[in-house]
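Peer 1: Each chain is listed here by its residues.
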Amino acid sequence: MLRVEAAEKSFDGFKAVNRANLVVEEGAIVAVIGPNGAGKTTLFNLIAGIHKPDTGKILFQGENICGLAPYDICRRGIARAFQIANIFHRLTVFENVQVSVLSQQRKSGVLFRPAQNLAVEETNSILASTGLLNKARRVAGTLSHGDQRILEMAIALGSQPRLLILDEPTAGMSPEETTVTMELVKHLSQARGLTILFCEHDMDIVFSVAQSIMVMQHGQTIIQGEPEEVRQNEQVQEAYLGGALSLSKETSDA
Amino acid sequence: MLEVDGIHTYYGLSHILFGVSLRVEKGQIVCLLGRNGAGKTTTMKSIIGLVRPKQGTIRFKGDEVVGKAPYTLARKGIGYVPDERKIFADLTVGENLEIAERKARNGVGWDRARVYEVFPVLKTIESRRGGYLSGGEQRMLAIGRALMGNPEFLILDEPMEGLAPLMVRLIEEQILRLRETGLTVLMTEQNVASALRLSDHSYVIDDGHIRFQGTVEELKANDEVRRKYLLV
Amino acid sequence: MKGKLLTLSVLVLIVGMLLAACAPAAPATTPTSVPATPPSKSAVPTPAASVPATSLGRNIKVGIVDTYSGPPAAFGNEALKGFELALKEINKTGVLGAKIEYAKRDEKFAPDVALSMAKELVLQEKVDVLVGTINSASSLAISGYAKEQKVPFIVWTAKSEKITGANGHRYVFSTSENTAMAGKAGAQGLAKKPYVKYWIAGDDYEYGHALAESAWNNLKKLKPDVQLLGQTWWKTGEPDLAPFLTQIMAAKPDAVILATGGAGMTNALKAAKSTGMSDRIPIWIHTATDYSVLKPLGANAPEGVMGTMDYHFYYPDTPDNKAFVKAFQDAYGTPPGFPAYHAYNTAYFIADAFKKAGSLDKEKFIDALEGLKIKSPTGEVEMRACDHQAVLPMYLGVTKKTSQYDFPIATDIVALQGKDIMPSCDDIKKARGQ
Amino acid sequence: MGRNGECGVFLAFSAHPSLLIRESQRMELTLNLDALSSQLVIGLSRTMILFIVSAGLSFVLGVLRVPNVAHGSLYMIGAFTAYTIMAALGNNLAGFWLALLLAPLVVALVGLIVERGLLSHLYQREHLMLILFTFAIGLILNDLVKFAWGAEYRSVMPPEILEGSLTLFGLAIPRYNLFLLVSGPIVAVGLWLFATKTKIGKISRAAAVDRDMVGVLGINVSWVFAASFVIGCYLAGLGGALVAPTLSITLGMDHTVIIETFLIVTIGGLGNIWGAMIGSLIFGVGQSMGLLILPQYAVVFPYAAVVIVLLLRPTGLLKSVW
Amino acid sequence: MFKGIVGSRWRLPIAAVSAALIFAPLIIPVFWIYILTLIFVTALLAISLNLVLGYGGIYQFHHAVFYGIGAYTTALILTKTSLPMWVGFGAGPLVAAASGLIIGWFCVRLTKLYFGMLQISLGSLVWIIVSRAYSITGGDNGIHDIPVPTLLGSSNGVYYFTLIIFMVSLVVMYLIVKSPFGCTLQATRDNPQRCEAVGINVRRHQLAAIGIAAFFAGVAGVLFVGLERSVFPGLLFWVFSLEVFVMCLLGGWFTFAGPIVGAAVVVALRTSVSIYTDYWTLVLGVILILLIFFLPEGVMGFLLKRLEPRPIEEGRPLADVAG
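Chains as they are written, first to last, in the working numbering: chain R, 1 to 254; chain L, 1 to 232; chain W, 1 to 434; chain Z, 1 to 322; chain A, 1 to 323.
Simulated from the structure, these hints should not be mistaken for lab results.
There may be inaccurate statements among the hints.
[Unchecked claim] Within a straight-line C-alpha distance of at most 25 Å, the following computed SDA-like cross-link-like pairs (lysine to any residue) qualify:
| no. | chain 1 | residue 1 | chain 2 | residue 2 |
| --- | --- | --- | --- | --- |
| 1 | R | Lys15 | L | Glu84 |
| 2 | W | Lys88 | W | Ala331 |
| 3 | W | Lys235 | Z | Arg154 |
| 4 | R | Lys107 | A | Gln193 |
| 5 | L | Lys68 | Z | Ser222 |
| 6 | W | Lys400 | Z | Arg175 |
| 7 | Z | Lys197 | L | Ser127 |
| 8 | W | Lys220 | W | Gln417 |
[Stated by the list, open to error] Stretch-level coverage of chain R by chain A, calculated; a stretch enters the list once three of its residues show a Cβ under 8 Å from a Cβ in chain A:
| no. | stretch |
| --- | --- |
| 9 | 100-107 |
| 10 | 153-165 |
[To be verified] Here's a subset of chain W near chain A, in silico, CB distances under 7 Å, partners left out:
| no. | residue |
| --- | --- |
| 11 | Tyr68 |
| 12 | Asp106 |
| 13 | Ser116 |
| 14 | Glu120 |
| 15 | Leu123 |
| 16 | Ala137 |
Just so you know, even glycine gets a beta-carbon here, dropped at the ideal spot from N, CA and C.
Full structure from sequences and hints, please.
Peer 2: Below, the structure is given as structure tokens:
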């Protein structure tokens, strides 16, 4: 479904992404891992069209989407939830999701019909499935951090994507929230057949949810494969876990 | 030296810290561990005064410091190295150090020459602009810059983040050397291994709550905490 | 806490200054009370006592709309002084037993504000006559409103020829000279000189263009062989005119027609002096010989600049003019400038017209004003009946330093009679499309 | 700020009857080398005034992120104060130098009061609120100038040695313009030395990028801001004092300068002082050169220049701190 | 169509104010009816600016240009052509909207202050053309004594005409604000990057908003012609734009009705304070500063906060589990 081939991107001479490769199959849950600063977020920005890669190709359903505007990429079916809560602070929770749903339904330009009567069902169903329904009237800026992150994901779902990109979906969440969130992600994948690409620090989550894992370091793809394959790869252990080799062994034993 | 007692901090309306408490004794290296977004940086910013906790107290050398401007805290002897690369991009390395220089109260203080002794690399790039440094160079410069204010107490927010292993080793060595000069250090880290090698005492923060505190040995022994709140 | 205190004290300071600024106006009467105290520090002390029964029944109320803020405020204030002086004299004897009082409003050189203020004066203050303003656009806007409301409106400073020309009507009058007259006067002066190659330059707005057009068209008529080498227009308020003048000098014209006024005039004269243009090339500027322009420049003012002017406090050297200048000087400490002269005349036009009309009826007032002659400090001035334009002489002179004043004055003055420099009544009819 | 805008119109857009262009013969003479060089000198001297004023604006924009709409009013106060000093001491060199020295200081003092008393409490607000605030300050200052000096036109002369014109290349160039030509670079060099050689200059450059971090280094940012604002005001006052002898000092002189300097600062890159220099050059020299070629269109130049520059480089010519 | 759009608590006050406005000419002196009419015109202009400024977060620094273009278009058609009057009244807003789209097309590729400065430049070019095209627009003298339909001959006629158009425009603009378009516009203000990510073409959306705002500014311009029967270049001078800008901030730029309050305050103050002092801008300056310090969200923002407090934070239901 999505294919990144040898993408490169530099900022002021610093190569944030350097020959990254990624394959995401339809319906799969794919994780990207790597130390802080490895270029995961930049890679996602390239896919979402926020930056244009210097070289390389990004193919979505066989079509090169390099250089398309973000809104165009979204309309092709890629939605993205951001690492930091990237919501509409002055709008209500309902409106936050509604904006996205309306955009997906191509109704953003409708002038003379009250928005509050449009796309209500779709919006509510997304709010319900993310557990935000009882907070629908709240102004988004007043939500807790965890709720903002969930709202973030709900906005992404509003565009009815085929591929959902999640940037550290559980960062800053409590273990309970994390569990709920990852259950939601799995549910979305199974019930809606959504393809999911995410990056995450929490190895437990990565290894329990992802069907395929791509490891990045210094902007480069080290390996992409099934969890077990990745876990066994020495290069990954060396690179990703740095000097903490002994500890990581402990973990995998446990 | 530093006592943080039950602070609650908000960004706008979102509640980040929920009653965080921690203590740092003179001469210690204390480490605050936690994942991305757990509240480490907010704790550091609350201490240095960049955000003001709504509740709770922070005492430094016995004085209440909540609500004080960051510059007064710096003058009281707190040095701060932020996690983002907050090097002044328009200024050269030398200028970055120069503006931070302050006369030491007891005579022998830090000056540029002494910082260059600790980080010889910086001397070779003295006239390069901050914006053109690599990540490791920026990190060294940030630490050097904090030292120029002659702190008694140094706050390091993720000093190893994004650094190559070799660089991590170098920074670790320097931190240990600094401790020998009598400096007290509070650092945050995601890289558990590195943090544990350095510190005397550790706290684990998650979701704005302190979930664990104890010596390094205790943390090493506590598998559950490590698995639950850290990445390992 | 300390910061808060400081903030508070600064705010208090500001409020204090605010009150100080308003203070002179504080005793202003409520809009309905009849003897309206002019809201100005230097206002005429109009007796507050009620007026004895008169043939008019009540006092005459004049509404002034003029600019009292921004650069043109200098003219607004000057006109007000002349008007006040005249009222003081008129009210000594009264007009048919009544007095003339006034209310003034600042139009901020903005026509929309001018309209609001005119409407306030007509609808709230119920003034009998509107007068004003320095701004031609405002004058034209008020003129339209005056026509609609059938209220007489006398323009006393604005110089657009449209006011009594193309846009003229029964309810608008002008006691000031206009661009058509000034240009014609200048042309008559220039036609007598040997210059052939001209350059035109000036403030790029209506006044500048209209003046230059009038001067040039009249000059062409009087002296068909003149040539125009080129033109330069700068935006009004352009601070430094030196680059413009050096560019003109490079073209080496025989003479330059400079169409500028107000603050721009001072800038132009300064640049003419500093670039040496005034020494090399003859320049004609309308109002260059105005004392209010030359006074601030003092010794810095260029000599040898030709100027046309509608009023000089030192010319004509008649007893009437001397008396006027002395009265003005005693009251305000400075000799009168041209706005004061026109406003002074306006007051007498109003007083005499009401005397002639014998009633407060506006239509009768207008009938009385048409063709009315008053005795001005410089001689008799007539309000021409066909276009409601005051017939004023124009004085052509050259700036020169004298021992008498510490600034140059106009010398070699030639007086051009009003009837010779005004458009004919037929021309006016044509312009109005009648 | 009043609305004295109806003044100021340019461009031979359509035929005003007086624009008898057909009659005028285009003068090949105007394009000779003499004219060119003398226009250049005068254009450059105009650049200097623009630079001094807009550098102050840019400095405040860069360090404090405050779009100071009252900057023009401060410039006007500088000119009026210089007038008062020069008029009091007569037309002599001492009065001139004293005015150049004191007038900017007076303006700086006004700036200090505004900053300490009011502005320093507002740095956390949105830019729009800061625009509103400085707009209000401008309104107040303008009326205070009217209150203090009245509405009459004022004029001062340059001291005698700077009066009149020098003949260079066969063309007269006012001496005062030559003096300005020298003063601009002095200010530029002074600013450069300040920004690169003094500690407070370096700190202010650092504060432009990250004010929080400067505070963390033990520097009282509040005073750095105050100092920066005062320097900005000083430059506005200096510009006003320098320009005073070349024009008539009137109410409303803030108007043209505020719009021009804002445009200059924008095309140069907000907050970039060297950008302000380039912008001033474009405005000053561009306009006086444009006069030689297309005298009719010279005054449309500033706006056209901004449109062209911003369409090609949406954030100004040089790097902006915004 | 209107169902549920206006909160029930607002219906009674709105009805009361509307009724008061309808019967106002019976009670209020004719001059204050004129001022009221002027307030409607100015308020319409201010609200149209706030569509892009408050709801769109766009730094529309030179909004008055569209007001002036609307007014001039109507004035020119009424004076220079023999077309029916309604054509003139209809053409004003349309030409204004078209020029809004043209100027906006250049500007939307820039952001914030750069947007504002480019717009000031482009707007000033229009202003130059208008004040320079003597033979067409009368140059800086403007066009005066414009013939208007007899309906507008009396002060009450103008009042009701302006009131009706004003009310209709208000309703339409309110519908737009509450429509999907308006909702999305607010989203682009809060977070343009996120909007792109959910498939919204932010620039095009902003451009459309500028066009709509210019249209209503044009309506205000037409009303101005009806009221004052004069046009002049000052209508599209940048300082006037700044004044309108100030009205929005003063009234409260995050509220719908705020700019009405701002316009009313400025127009009423300007008229009444000017009677007593020549230092009215000083008064305005002090009022603004007091407002910035004590009512940072503007008059309406302050009132709304008093009347409809935002929901109080409910804590973190999911998070408060001790570890």
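Peer 1: Could you run down the list of hints and mark each one as holding or not?
Peer 2: Do the hints match the structure? See the list:
no., hint, result
1, Lys15(R) with Glu84(L), "18 Å, holds"
2, Lys88(W) with Ala331(W), "11 Å, holds"
3, Lys235(W) with Arg154(Z), "20 Å, holds"
4, Lys107(R) with Gln193(A), "19 Å, holds"
5, Lys68(L) with Ser222(Z), "13 Å, holds"
6, Lys400(W) with Arg175(Z), "23 Å, holds"
7, Lys197(Z) with Ser127(L), "13 Å, holds"
8, Lys220(W) with Gln417(W), "20 Å, holds"
9, 100-107, "holds (count 5)"
10, 153-165, "holds (count 4)"
11, Tyr68, "5 Å, holds"
12, Asp106, "5 Å, holds"
13, Ser116, "6 Å, holds"
14, Glu120, "6 Å, holds"
15, Leu123, "4 Å, holds"
16, Ala137, "5 Å, holds"
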